[in-house]
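Asks: These are the residues of each chain, in order.
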Amino acid sequence: SQTIHQWPATLVQPVGSPLSLECTVEGTSNPNLYWYRQAAGRGLQLLFYSIGIGQISSEVPQNLSASRPQDRQFILSSKKLLLSDSGFYLCAWSVNDGELFFGEGSRLTVL
Amino acid sequence: GENVEQHPSTLSVQEGDSAVIKCTYSDSASNYFPWYKQELGKRPQLIIDIRSNVGEKKDQRIAVTLNKTAKHFSLHITETQPEDSAVYFCAAISTMTTDSWGKLQFGAGTQVVVTP
Numbered sequence: 748s749q750t751i752h753q754w755p756a757t758l759v760q761p762v763g764s765p766l767s768l769e770c771t772v773e774g775t776s777n778p779n780l781y782w783y784r785q786a787a788g789r790g791l792q793l794l795f796y797s798i799g800i801g802q803i804s805s806e807v808p809q810n811l812s813a814s815r816p817q818d819r820q821f822i823l824s825s826k827k828l829l830l831s832d833s834g835f836y837l838c839a840w841s842v843n844d845g846e847l848f849f850g851e852g853s854r855l856t857v858l
Numbered sequence: 007g008e009n010v011e012q013h014p015s016t017l018s019v020q021e022g023d024s025a026v027i028k029c030t031y032s033d034s035a036s037n038y039f040p041w042y043k044q045e046l047g048k049r050p051q052l053i054i055d056i057r058s059n060v061g062e063k064k065d066q067r068i069a070v071t072l073n074k075t076a077k078h079f080s081l082h083i084t085e086t087q088p089e090d091s092a093v094y095f096c097a098a099i100s101t102m103t104t105d106s107w108g109k110l111q112f113g114a115g116t117q118v119v120v121t122p
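Read top to bottom, the protein sequences are chains E and G. For the first sequence, my numbering gives the first residue as 748, with consecutive numbering after it. For the second sequence, my numbering gives the first residue as 7, with consecutive numbering after it.
Do not rely on the hints blindly, as some may be mistaken.
To be verified - With a straight-line Cα cutoff of 20 Å, these simulated EDC-like cross-link-like pairs (lysine to aspartate or glutamate) come out:
{"hint": "1", "chain 1": "G", "residue 1": "Lys43", "chain 2": "G", "residue 2": "Glu11"}
{"hint": "2", "chain 1": "G", "residue 1": "Lys109", "chain 2": "E", "residue 2": "Glu846"}
{"hint": "3", "chain 1": "G", "residue 1": "Lys74", "chain 2": "G", "residue 2": "Glu11"}
{"hint": "4", "chain 1": "G", "residue 1": "Lys109", "chain 2": "E", "residue 2": "Asp844"}
{"hint": "5", "chain 1": "G", "residue 1": "Lys109", "chain 2": "E", "residue 2": "Glu806"}
{"hint": "6", "chain 1": "G", "residue 1": "Lys74", "chain 2": "E", "residue 2": "Asp844"}
{"hint": "7", "chain 1": "G", "residue 1": "Lys48", "chain 2": "E", "residue 2": "Glu806"}
{"hint": "8", "chain 1": "G", "residue 1": "Lys48", "chain 2": "E", "residue 2": "Glu846"}
{"hint": "9", "chain 1": "G", "residue 1": "Lys28", "chain 2": "G", "residue 2": "Asp55"}
{"hint": "10", "chain 1": "G", "residue 1": "Lys64", "chain 2": "G", "residue 2": "Asp33"}
{"hint": "11", "chain 1": "G", "residue 1": "Lys43", "chain 2": "E", "residue 2": "Glu851"}
{"hint": "12", "chain 1": "G", "residue 1": "Lys64", "chain 2": "G", "residue 2": "Asp90"}
{"hint": "13", "chain 1": "G", "residue 1": "Lys43", "chain 2": "G", "residue 2": "Glu62"}
{"hint": "14", "chain 1": "G", "residue 1": "Lys48", "chain 2": "E", "residue 2": "Glu769"}
{"hint": "15", "chain 1": "G", "residue 1": "Lys43", "chain 2": "G", "residue 2": "Asp90"}
{"hint": "16", "chain 1": "G", "residue 1": "Lys74", "chain 2": "G", "residue 2": "Asp90"}
{"hint": "17", "chain 1": "G", "residue 1": "Lys77", "chain 2": "G", "residue 2": "Asp55"}
{"hint": "18", "chain 1": "G", "residue 1": "Lys74", "chain 2": "G", "residue 2": "Asp23"}
{"hint": "19", "chain 1": "G", "residue 1": "Lys48", "chain 2": "E", "residue 2": "Glu851"}
{"hint": "20", "chain 1": "G", "residue 1": "Lys64", "chain 2": "E", "residue 2": "Glu846"}
{"hint": "21", "chain 1": "G", "residue 1": "Lys28", "chain 2": "G", "residue 2": "Asp90"}
{"hint": "22", "chain 1": "G", "residue 1": "Lys63", "chain 2": "E", "residue 2": "Glu846"}
{"hint": "23", "chain 1": "G", "residue 1": "Lys63", "chain 2": "E", "residue 2": "Asp844"}
{"hint": "24", "chain 1": "G", "residue 1": "Lys43", "chain 2": "E", "residue 2": "Glu846"}
To be verified - In silico negatives: residues of chain G with every beta carbon more than 10 Å from chain E:
{"hint": "25", "residue": "Ser32"}
{"hint": "26", "residue": "Gln51"}
{"hint": "27", "residue": "Asn59"}
{"hint": "28", "residue": "Gln66"}
{"hint": "29", "residue": "Lys77"}
{"hint": "30", "residue": "Thr101"}
Keep in mind the hints are simulated off the structure, nothing from the lab. Remember, predicted model here, so these are calculated numbers, not experimental data. We put the beta carbon where it would ideally sit given N, CA and C, even for glycine.
Given only the sequences and the hints, what does the whole structure look like? Please build it.
Replies: Dropping the structure here:
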C-alpha cells in the first residue's frame, strides 16, 4: 500500500533562517506531488505541485521554492524565512483519478 | 478555474442530531467531489467522495449527495457523536482536463462541534 512520510513534524525557526521540509512517497510510481500550507484556523492553500521529476508549478508567489529531485521525493525550501511563513505545511500525493492523500504535516513557527 | 464555496463556516449540533454541510462549485467540467475531515492538529483525511456519474453515496453514518445541474453537493452526518467534531472540507476537480490536473479546489471549511 502507499504511504507518505513528511519531516520534520515540528520546527521553530528564527526570521531570516533557511527552511527545508522533505516528503517521500512509497508504494506508487510517478505520483503527482503537492505542498499545501494552512494558517491557524484557516483553509488549505496550494503552494506547489509537480507532475514529474524536475517539473514544478507554483501557485502563489512567495519566498518559498520546491524541488523534486527524485520521482517520489518533494522538498519545500526557503532561503530566508518571514514571520508570515508560519503555519502547518502539508505534503500530499495523488494519481490522476483525483484522490488526494496528505502527509502528517510539519508545523513551522517563525519567531 | 474552479471556485468552491462551503457553508456554514461553523455548525453546532447536539449529539444524536444530523449535520449537513453544503458546497457549490463553478466549473461544470468538475467530476470528482471528495470530503475531508481534519481533527485539531492533524492532517485532513478523506472520509467519502463521489464522482459525477452517481447522485448519492453512503458509508455508515455519512452520505454525500450531488446535484450536477445545480452544481452543488452536500455532506450529511447522521446520529452525530462527539468524535465527529472536526473541520470538514469539501473539494472539487475535473480529472479530465490536463490544465487542472491535481488542483483540487477546496472549500473554506466547516467547523463542526458536537455537544454531548
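Asks: Which hints from the list above does the structure break, by number from lowest to highest?
Replies: Failing hints, ascending: 7, 10, 16, 18, 26, 30.
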